[in-house]
Amino acid sequence: MRKTFQRVAVITTLLSFAACDLIQPKPQQQPVEVKPAKPEWSAPKPAAAPKPTVTLAKPDNREDALAAHERALRKSGTALSAEDVGYYMDTHEARFIQLVRDDRVGMLRQGDSIAMVISGSASFASNSARLRPEIHGVLTAIAQVLEEYRDTRIIISGHTDDAGEADYNQQLSERRARAVSRFFTKSGIAAERIVILGYGESLPIVDNSSAGGRASNRRIEILLEPLTL
Amino acid sequence: MSSKLIRKRERNFVALSTAAFIGAALLFGLITWLLWSESIETEEERVAGLARALGQHTEEMIVDVRNMLEEFNKLQLARCSDAHLNVMHRAAIAKPYIRSIGYWRAAERLCGVGFIQAVELKPSRADRIYDSGVIAWWPSSQTEVSGVPLFLMRYGDHDIAIDPRMLLEPKLVQDRQAGLWVEGLPMATTADGSDIPSPDSVPIGLTVDTENNRLVSRFSLGTIFPIDIVAVETIDRFWSRYTPILAAAAGLGLVLATLWIYIVLRYSRHRLSLSTELREAVALGRVRAYYQPVIELSSGRCVGAEALARWIREDGEMVGPDVFIPLAEQAGLVPEITLAIVAATLHDLGKLLKEHPHLRININLAPEDLTSESFSASLGRSLAAAGVAPTSIKLEITERAMVDTDASRAVIRNFRMRGHQIAIDDFGTGYSSLGYLQTLELDTLKIDKSFVDAIGTEAVTNHVIGHVIDMAKSLQLDIVAEGIESEQQAEWLIEQGVEYGQGFLYSRPLPCAQFRDYFHKHEESSGHPMPDRANLETTKRVH
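Top to bottom, those sequences are chains S and L. So the first sequence is numbered by the numbering used here: it starts at 65 and just counts up by one. So the second sequence is numbered by the numbering used here: it starts at 4 and just counts up by one.
Derived from the structure by calculation, the hints contain no laboratory data. We put the beta carbon where it would ideally sit given N, CA and C, even for glycine. All the pointers check out, no bait thrown in.
Distance ranges between label pairs, derived from CB positions:
#1 G201/S <-> I207/L: 45 to 53 Å
#2 L113/L <-> R135/S: 27 to 35 Å
#3 T249/S <-> A86/L: 33 to 41 Å
Far from chain L, some chain S residues (derived; all Cβ distances over 10 Å):
#4 E229
#5 T249
#6 E256
Excised from the complex, chain L in its bound form (with noise of 0.2 Å):
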């Protein structure tokens, strides 16, 4: 049955570890998953900040400069006069991008300022010419001074030549490369962004150029003009931005995903521990009293029986004190243990113990019932509510439990003074000081199955079991014998003056109904033939 038990409990076990580390695996995908996209997340966010940023101050440089154009036009100085020159010196200085400004007549550049002002920009084709009359050439070859291709607007007379590098400002660019195409032309490119894609074959967003091991992230603004934002970064750059983050939170997900594995295990240990569905059990009354005669040896009758508590399981298999007793002590079950079967021995035979004052069920104390302060009470509240007279149970406490303090003591005396009898289990396995039965107030002493199983045999028990009995009798202890499987036990019992036995050779514990029957059967007079007085003696004598 236990076996069974394991087996079942294991394989629950091993389903509900695989249940775990699926869970666990899963959670630290989960966890993976959601990092990588945030970092993907966090990234295009930066790029698209970068993308505002620069979209920003490209829109800001080519409308200031047309407004600077709009002023030059507007001035009343006489042209190329110092006082002109002065203007366009000034602004060209304030202005870090720009590179030079120039006043016109048609074709012919007059006079201006700045860095190039001996190269007359005459580009031969205009990129815009917007519906203001303002100009716009964007970089090429055609606008190349030393090496810099600058980008150069005209408005009237004036223009002025822009430098579209300063616009990729290296702190806002940090260590990607960028492109910036206005209008669709390329505006300005890092200093190694030759390979920068076009922003026609890129979509917008973050993409993931495997081909070239290259994160490519394109923006598009539209507030004054269309501003596209190209910018590439290596996938390793990207990596080492983003590792110690990923690092972080993947060990994060580990101890998670641990955390996971241990609460499931625990969890399920415990749903599967035995103790746990004891638990349950109990309350809901799955624990259940069986009841084994006590007969009186020299008659047959039946003058009451032992409450065993027994547990249906749910498939209805039937699990036996032996397996659940150690479980409930070690679930500190067994208070609520008794008390079910208090609860049911009253409920089952709480009318025929009215009817029948001088039937004792015996209940099984455990340790914990003696020191249980509650207990005592309970015990009490429920015959009261059953209307069952204390003296119709007699409480049977192990030779173990019954520990020889002052506290059990007082306890065994209290249940006494309430009515209840009380008998010593098991006795003789314990640490058998006969001496410390003299000091409680015992009324009955039940001699253990393994002594009764000697009988007949050469064992050493064999001759302890006299002793036990005529210590008994000494002190005036009723003695009931338990575990009685043979006829020539039960003789040699009833020659040694042992009244009271139990055991299969009358009945083995039943259920209450079954109980019942058999209390009535064997109530006043033997059905089991026993042996008379003259032929004990016969059988002493023979002995």
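Same shape as in the complex, but just chain S (with noise of 0.2 Å):
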């Protein structure tokens, strides 16, 4: 469970949700072709990045707010048994292929979690935290399956580029990831599922020098893990 956040870190694209039928049957287990812009995207994070901010709770370490927020749910009494753990993850990720199919987000399974990646341009203005009108039927689709699926819980991160001044841009990523929370809520999704958490730009997955490649830094994830007994 913790190592969660360096598996969300290394999402690398967006995966594209082709508009394929059946007809063209892909299997599953195939794997995900990682092409990282340059290699430098899978270096280990650097020593002196800035300490995130996890904004649920206000602890200093985002492990411990994890951590936190997970004995909170437990109390709250919903988890899934170990053995339903594996359905409810595989029609939970066909329900998302089947009602969010869009450009702009991306969908990973790592194991028993899904990993979501929305792209952060095509969600907000240039240093805006508002979500762009655009924006919301995609998440709009997210919410109603989040809602259906209601053995998760969410961890909602912003990344931003290196552009300007990092403390600006962790600041920048805090609001955009509530944002994204704050309407998942209205759309009625349970507060107490969701964590959210700033990076700034200390968890970039392409190098930042090209456009394309700050474009693809710039972003939400949205992780989904099951809760079990």
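Mind docking these for me? Both chains are given alone in their own frames, and the hints should help you get the complex.
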């Protein structure tokens, strides 16, 4: 569970939801081809990265925050039995594929978790933490599935490119993550399922030297973890 | 000479027979091989047809189920209402392979229909999640309900469980064991199909698995889903299916082989037969005329010759009439040979005959020549073309051939009217009814060699010859003695008043050029020391 962040951070690229029919079946096990623009993307995190802020419950350590969140959820009693997790997440994933087909949203299955990457440029204007109206439809569809599959917690993290001040970027990423979170809660998702994290420019997925690379790094990541007993 | 011929024929016959048998064996082998490969091919086609049918069936089923799920998701009915359940129920009944249809919310089955309604199938790991959002779980222990692993598909909030055994219809599979793989995953096998090899381990097409005594066939289809079908059948079953065909075909092969041997042997006999060779020889002009001079005994003067057929074989071997005339008779070649001799004579001696009108060349006629309608005309044409008078050609007819019929009598009369003289040949060897000689119009009587041989011995024939000579004289026939080999015989014959003779004493049969030389030498006076009259008288007295 604690490795989740690294995993999310490593999500590479937007998986496009080609509107493929069953007529062209694609084996699920087929490995996702990872094509980094530059090899630096997989380099270890710099040690001197700015401290990201966990906005929920405001602890100064995000792992502690997540652990606390998990404890809270457990107390609430919502959980899946261990043998149901696989079925639950499989059908969950399939439901996303069925209902959320959009070039601006990528999805990756990681074990029992589902990771989604939403393009930052598509969601927000430059330097803004206000969701563009164009992205509302996609987020609504995601919220619909999240409402259907309730036995997960939702970790929303914001990321920026390296343009501008790091502190500013840190704040911007937090505000953007919160904006998505607010959209979901307004759509009826229980607020206690959601954790918001801001990473600023600390976890680029590709090199920031190109415009395309910077665009890829501006993103919102949503990680769905099943809540097991 | 003839034994050499026979040896050669036997050798050829053995060689050809061997060839015939080898040919038959090859033919038989070829037919067997053809049938075997044909059987394999037919079987491959059968199994390929089965595979196609199964594949199509499977594909239709999957597409069908997918479409059904899509329809269910679009239903505007209140979920789990009677109407909703009714729709699902009808769908389940319509398709025999559907075991259940469920309506789900996330991982909770809210309602459903079918035989396994109470069972919530929640396999832990999906085998396929397609880009459309369709999830599929292949049959496994996790999808097993009452001993039957089911194929499960879910799309949206509905799922359908399928009994994959229904895909392998017994009617299609017939008596084989078969397995069905979709996208490389095992979908279904027939009841006893636990030992069906997986498609990865089997080459495409038909394989004879001698180790397990079975035929394994694999076919792959890739229309919508990659589908593999592996069918297994014991070799015994394969044999029992094809044995009648193979047996029938083997029988046919045997008949064909026998026919082949028969044809080859017949052909070889025909090819190897002397009669065929003789026919060719006649056509190619290898039957030539040799001429044995006929001598006036008292003077030694050559008055003519008997044309004798000689067959020069390809290797230069000369075959006499004693061998080939019976053959020619069998083969019906006699008229051709006679005409060939006529032609040869006219070619060889035409000029000589024109210069010496009194020279007579004897041509032997066979019974067939007398009965042939065309022979007489052909003879006439040949003579006319060569400008030789018919009087130059004397026709010899054997006593045996001279059947006492009106027809032969008419033919002989006809020949005589045209100017030919007629000689009766081999006189005394036939049935010797001397009386009938009177009824025929003849010019010459030839005394057979057997009588001449007897001259000076105590044989019965020795007495007969006298009577023959007397009779010929009384009928006013010229007499020619054949086969004179000694002076003694000649003297005796002269003494008896025989005028003409032929034999080795004077000359053996000669090729035309030599005969011409001989004739010129003996044209007028004898080159041979002939006994004079006085001597003859003396001899007579001595006797």
